[in-house]
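With the sequences and hints as input, model every part of the structure.
If you read the protein sequences in the order shown, they are chains A and B.
Take the first sequence: its letter number 99 is residue 99 in my numbering, and every next letter is one higher.
Take the second sequence: its letter number 25 is residue 25 in my numbering, and every next letter is one higher.
Wrong hints could be hidden among the right ones.
[What the hints assert, rightly or not] From chain A, some residues computed to sit far from chain B (all C-beta separations above 10 Å):
1. 53
2. 71
3. 80
4. 100
[Unchecked claim] Derived CB-CB ranges, DEER-like:
5. B:10 <-> A:51: 21 to 31 Å
6. B:41 <-> A:78: 20 to 30 Å
7. B:52 <-> A:14: 50 to 60 Å
8. A:100 <-> B:41: 40 to 50 Å
9. A:15 <-> B:50: 41 to 51 Å
[As the list claims (entries may be wrong)] Derived pair list, reagent style DSSO-like, types lysine-lysine, alpha-carbon separation capped at 30 Å:
10. B:69 <-> B:56
11. B:26 <-> B:56
12. B:69 <-> B:26
13. A:57 <-> B:107
14. B:70 <-> B:56
15. A:57 <-> B:70
None of these hints come from the bench; they were simulated from the model.
Built from N, CA and C at the ideal position, the CB exists for glycine as well.
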Amino acid sequence: DTGVSQDPRHKITKRGQNVTFRCDPISEHNRLYWYRQTLGQGPEFLTYFQNEAQLEKSRLLSDRFSAERPKGSFSTLEIQRTEQGDSAMYLCASSLGQPNSPLHFGNGTRLTVT
Amino acid sequence: SQQGEEDPQALSIQEGENATMNCSYKTSINNLQWYRQNSGRGLVHLILIRSNEREKHSGRLRVTLDTSKKSSSLLITASRAADTASYFCATPDDDMRFGAGTRLTVKP
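Structure follows, in structure tokens:
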């Protein structure tokens with residue numbers, strides 16, 4: 001299966017630690033999105049990339065969050081100095097980047113900050 | 001920020017019944033997309049309707065679009081227990097931002 005893959009599937013960390021998640025999109029997809037989702041809520045947009053360029057970043061995203069997509073392939077999302085409020089599912093999605101291109105989601109990384 | 005808003009927030013029906021959920025948006029759109037999410041999983045694309053289309057069908061799914069009211073509806077006919085999931089709408093004209101979704105429960 002060459003779908004979107006996310007690693008790790010689960011991450012438990014202590015408050016104050018840094019964590020990094022990885023997303024491998026579908027290979028020919030040039031657009032990549034990151035979302036955060038808490039229980040009972042919809043996916044909250046964080047940021048997206050067109051190839052290696054980060055085109056949009058949510059104002060809700062604090063400076064502790066940073067995302068990269070070197071070479072326009074895989075992407076990483078880093079959270080520095082984690083807080084309990086960062087506990088959530090972090091979802092990655094990719095698409096061909098055309099207006100009619102659907103998003104293909106990974107199954108997410110569930111972060112628990114203790 | 002602008003985003004699709006789904007309504008109702010929750011819907012509970014019996015197997016075999018039809019389920020209708022609605023989406024409102026705020027900007028002009030090129031297309032609108034519906035997604036389903038099963039618990040603990042990523043979202044799955046269901047159907048896309050373009051701005052020049054008024055209705056579209058895919059299996060037991062029927063989507064309508066009313067650009068004058070900036071709204072769309074998703075109808076699932078002859079629902080099954082496996083349709084239990086959350087449903088979301090989004091548009092690329094709003095950077096694919098999602099609302100809170102409609103949580104559908106289909107009771108066997």
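Outcome of the hint check:
{"no.": "1", "hint": "53", "result": "holds, 14 Å"}
{"no.": "2", "hint": "71", "result": "holds, 23 Å"}
{"no.": "3", "hint": "80", "result": "holds, 24 Å"}
{"no.": "4", "hint": "100", "result": "violated, 6 Å"}
{"no.": "5", "hint": "B:10 <-> A:51: 21 to 31 Å", "result": "violated, 39 Å"}
{"no.": "6", "hint": "B:41 <-> A:78: 20 to 30 Å", "result": "holds, 24 Å"}
{"no.": "7", "hint": "B:52 <-> A:14: 50 to 60 Å", "result": "holds, 53 Å"}
{"no.": "8", "hint": "A:100 <-> B:41: 40 to 50 Å", "result": "violated, 24 Å"}
{"no.": "9", "hint": "A:15 <-> B:50: 41 to 51 Å", "result": "holds, 46 Å"}
{"no.": "10", "hint": "B:69 <-> B:56", "result": "holds, 17 Å"}
{"no.": "11", "hint": "B:26 <-> B:56", "result": "holds, 21 Å"}
{"no.": "12", "hint": "B:69 <-> B:26", "result": "holds, 9 Å"}
{"no.": "13", "hint": "A:57 <-> B:107", "result": "violated, 40 Å"}
{"no.": "14", "hint": "B:70 <-> B:56", "result": "holds, 16 Å"}
{"no.": "15", "hint": "A:57 <-> B:70", "result": "holds, 25 Å"}
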